[in-house]
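For reference, the chains in residue letters:
There are 2 protein chains.
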Amino acid sequence: MRSPHFLLIQPRRGLGWEEGRRVGGRLRGWRPVARRGRARGRGGHGASASSLQSRAPSAAAPPALRPPVRLRATMPAVDKLLLEEALQDSPQTRSLLSVFEEDAGTLTDYTNQLLQAMQRVYGAQNEMCLATQQLSKQLLAYEKQNFALGKGDEEVISTLHYFSKVVDELNVLHTELAKQLADTMVLPIIQFREKDLTEVSTLKDLFGLASNEHDLSMAKYSRLPKKKENEKVKTDVVKEVAAARRKQHLSSLQYYCALNALQYRKRVAMMEPMIGFAHGQINFFKKGAEMFSQSMDSFLSSVADMVQRRRRPLFRPSCPRLVDAVAAPSPFTSRCRCP
Amino acid sequence: MRSPHFLLIQPRRGLGWEEGRRVGGRLRGWRPVARRGRARGRGGHGASASSLQSRAPSAAAPPALRPPVRLRATMPAVDKLLLEEALQDSPQTRSLLSVFEEDAGTLTDYTNQLLQAMQRVYGAQNEMCLATQQLSKQLLAYEKQNFALGKGDEEVISTLHYFSKVVDELNVLHTELAKQLADTMVLPIIQFREKDLTEVSTLKDLFGLASNEHDLSMAKYSRLPKKKENEKVKTDVVKEVAAARRKQHLSSLQYYCALNALQYRKRVAMMEPMIGFAHGQINFFKKGAEMFSQSMDSFLSSVADMVQRRRRPLFRPSCPRLVDAVAAPSPFTSRCRCP
Numbered sequence: 001m002r003s004p005h006f007l008l009i010q011p012r013r014g015l016g017w018e019e020g021r022r023v024g025g026r027l028r029g030w031r032p033v034a035r036r037g038r039a040r041g042r043g044g045h046g047a048s049a050s051s052l053q054s055r056a057p058s059a060a061a062p063p064a065l066r067p068p069v070r071l072r073a074t075m076p077a078v079d080k081l082l083l084e085e086a087l088q089d090s091p092q093t094r095s096l097l098s099v100f101e102e103d104a105g106t107l108t109d110y111t112n113q114l115l116q117a118m119q120r121v122y123g124a125q126n127e128m129c130l131a132t133q134q135l136s137k138q139l140l141a142y143e144k145q146n147f148a149l150g151k152g153d154e155e156v157i158s159t160l161h162y163f164s165k166v167v168d169e170l171n172v173l174h175t176e177l178a179k180q181l182a183d184t185m186v187l188p189i190i191q192f193r194e195k196d197l198t199e200v201s202t203l204k205d206l207f208g209l210a211s212n213e214h215d216l217s218m219a220k221y222s223r224l225p226k227k228k229e230n231e232k233v234k235t236d237v238v239k240e241v242a243a244a245r246r247k248q249h250l251s252s253l254q255y256y257c258a259l260n261a262l263q264y265r266k267r268v269a270m271m272e273p274m275i276g277f278a279h280g281q282i283n284f285f286k287k288g289a290e291m292f293s294q295s296m297d298s299f300l301s302s303v304a305d306m307v308q309r310r311r312r313p314l315f316r317p318s319c320p321r322l323v324d325a326v327a328a329p330s331p332f333t334s335r336c337r338c339p
Numbered sequence: 001m002r003s004p005h006f007l008l009i010q011p012r013r014g015l016g017w018e019e020g021r022r023v024g025g026r027l028r029g030w031r032p033v034a035r036r037g038r039a040r041g042r043g044g045h046g047a048s049a050s051s052l053q054s055r056a057p058s059a060a061a062p063p064a065l066r067p068p069v070r071l072r073a074t075m076p077a078v079d080k081l082l083l084e085e086a087l088q089d090s091p092q093t094r095s096l097l098s099v100f101e102e103d104a105g106t107l108t109d110y111t112n113q114l115l116q117a118m119q120r121v122y123g124a125q126n127e128m129c130l131a132t133q134q135l136s137k138q139l140l141a142y143e144k145q146n147f148a149l150g151k152g153d154e155e156v157i158s159t160l161h162y163f164s165k166v167v168d169e170l171n172v173l174h175t176e177l178a179k180q181l182a183d184t185m186v187l188p189i190i191q192f193r194e195k196d197l198t199e200v201s202t203l204k205d206l207f208g209l210a211s212n213e214h215d216l217s218m219a220k221y222s223r224l225p226k227k228k229e230n231e232k233v234k235t236d237v238v239k240e241v242a243a244a245r246r247k248q249h250l251s252s253l254q255y256y257c258a259l260n261a262l263q264y265r266k267r268v269a270m271m272e273p274m275i276g277f278a279h280g281q282i283n284f285f286k287k288g289a290e291m292f293s294q295s296m297d298s299f300l301s302s303v304a305d306m307v308q309r310r311r312r313p314l315f316r317p318s319c320p321r322l323v324d325a326v327a328a329p330s331p332f333t334s335r336c337r338c339p
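From first to last, the protein sequence lines stand for chains X and A.
If you read the first sequence in UniProt numbering, its first letter stands for residue 1, the second for the next number, and so on.
If you read the second sequence in UniProt numbering, its first letter stands for residue 1, the second for the next number, and so on.
Hints are computed from structural coordinates only; laboratory data are not their basis.
Everything numeric in this text was worked out from a predicted model, so none of it was measured.
Hints are not guaranteed to be accurate.
Okay, derived cross-link-like pairs now, DMTMM-like style, lysine to aspartate or glutamate, Cα gap no bigger than 25 Å in a straight line [unchecked claim]:
(1) X/LYS286 with A/ASP215
(2) X/LYS179 with A/ASP215
(3) X/LYS287 with A/GLU85
(4) A/LYS165 with X/ASP305
(5) A/LYS227 with A/ASP215
(6) A/LYS286 with X/ASP305
Excised from the complex, chain X in its bound form (with noise of 0.2 Å):
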């Protein structure tokens, strides 16, 4: 009943598997949340310290933090997992696994990091809507301050609700700039994120637990006892461990599809939000500077010509022998009897 393709599709042995087990085993367990000490462990840290030399990375990097040479050797030009390999599930197709693998791992580190920056330029946008919006209700609440001493005022007034509507417009611009960031620019990297490196995380798990259940299910076949007369009990474990072989080939057909597809999808993911970015700002200031024009310059140079007539000294004592009277030596002398 046992087959030689059997024996052949199944080398869970020697040294060419446990080297593959090996590699892939570093990876192991790996999730799409942030874990920059590891990524710099494996990869950011030697890129750190040789910054200067990022033109040439390969060069530059340590040997100890890259790939197995013998991995990058053998697979110079591999762009995608064949899915034909994988039922034969061969040493070779388990080392070329771990390589995408790996790649998926950084490229989880490096997306989380830049999702964690894109966030923080959002946050500050956000931010400065809200800041805006508290200065232009600032600026009129000056009218309703009730001061006791409101003559001349109303110049005041009129200069701050004019201010108040400029901060207004300037808010209607940030307001259009942060809805722009959140839809071009975070939310692409976050449904990259929850979509493409979840779903990848998620088919690993898979694959590892029916890769699990089919070693147990091998066990117990070669364990089975080699007497004619457990025929039936030979059957049963034969029947188990197809059952494990198909679940195990579906979820490695479906992890390394979704291992293939992140790697198209990779490049797109990094540059989609900065797109989204760049449009935003091409947009912001192109407003902005229409909005901030000419008649917005003459009416500055006003308010400052007017700010300078206030700032001469318009005030001086207004009886000058007063103050020599503070010095005076009697306190009954002392009233001025200034006409």
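Here the structure of chain X is known, so what remains is to put chain A in place on it, guided by the hints.
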């Protein structure tokens, strides 16, 4: 020895003085620090309730929150405290002083709120500098990630380099704006608070101390026995009264001067930071619009093209029969034999 003149210029008893004291008492102890609750209680609360009628604030404000009608009615065109009235220190002068003090208190509260709003804008601008700096660094970091599968990354790396340069240039503009906001918006209003408002507050305290000292020496003088043999003691007390009078007079002159100066500075202080703000924004948008010119547009559309090209479904299962094979009944016959 007691001159009628002396009694004339010290009307410390009677309705007029008491009333002036009461009005002044409402503002007793104000300091140039934020006390939003009190500010709202006095004027802001009524104002926010009637924000729709903001164009007619004096009509809309509840009468209870406005300064005493008598003061307003009798001093409609007052815009400064007369220094020659400082020595006489009449109830009318004290009442007028309380109006100036109330105005200074309102101004202090308002200035603190305005400063808070402006500092928030500055803070947001500063955070934008830091955020763009981080984003630029993160874009450059892609190259240094040591991806296990780096094939075809050159295009992504050079594009992200370009974007990093764009973000750097944007960062320069943001940094310039932040500096301008600090120098021409936040600094002038901080100086107004620290110099003008704090000066008034300090002089108010000194004036209060001098007044108390004078009150004490006057009380001593009034308790003097009328016997001839105490002429020596009387002379000493009169000297003490004279010294206290001089001190109070000097501090009142300084206090009046500071309050008058505040009225002039007030309007400039409110408008100056907004001129700085507007000039900063004009400069920012002008340079930004120049930076994000048409050359950027063509770059962006070429990147967008690249992204679109990559978005087409490049990858399909290379061996469809493999997927069927997963559902095959036996693992021993499921191996693919695709050519």
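Results of checking the hints against the structure:
Note on X/LYS286 and A/ASP215: the hinted pairing is violated, with a Cα-Cα distance of about 67 Å set against a maximum of 25 Å. Pair hint X/LYS179 plus A/ASP215 does not hold up; C-alpha atoms about 65 Å apart against a cutoff of 25 Å. Only pairs whose Cα atoms come within 25 Å are accepted, and X/LYS287 paired with A/GLU85 is rejected, the gap being roughly 57 Å. For the hint pairing A/LYS165 with X/ASP305, the CA-to-CA distance comes to about 40 Å; that exceeds 25 Å, so the pair is violated.
As the CA atoms of A/LYS227 and A/ASP215 are separated by approximately 23 Å, the hinted pair is consistent with the 25 Å bound. With a C-alpha separation of about 23 Å, the suggested pairing of A/LYS286 with X/ASP305 holds against the 25 Å cut-off.
The structure is inconsistent with the numbered hints 1, 2, 3 and 4, although it conforms to all the rest.
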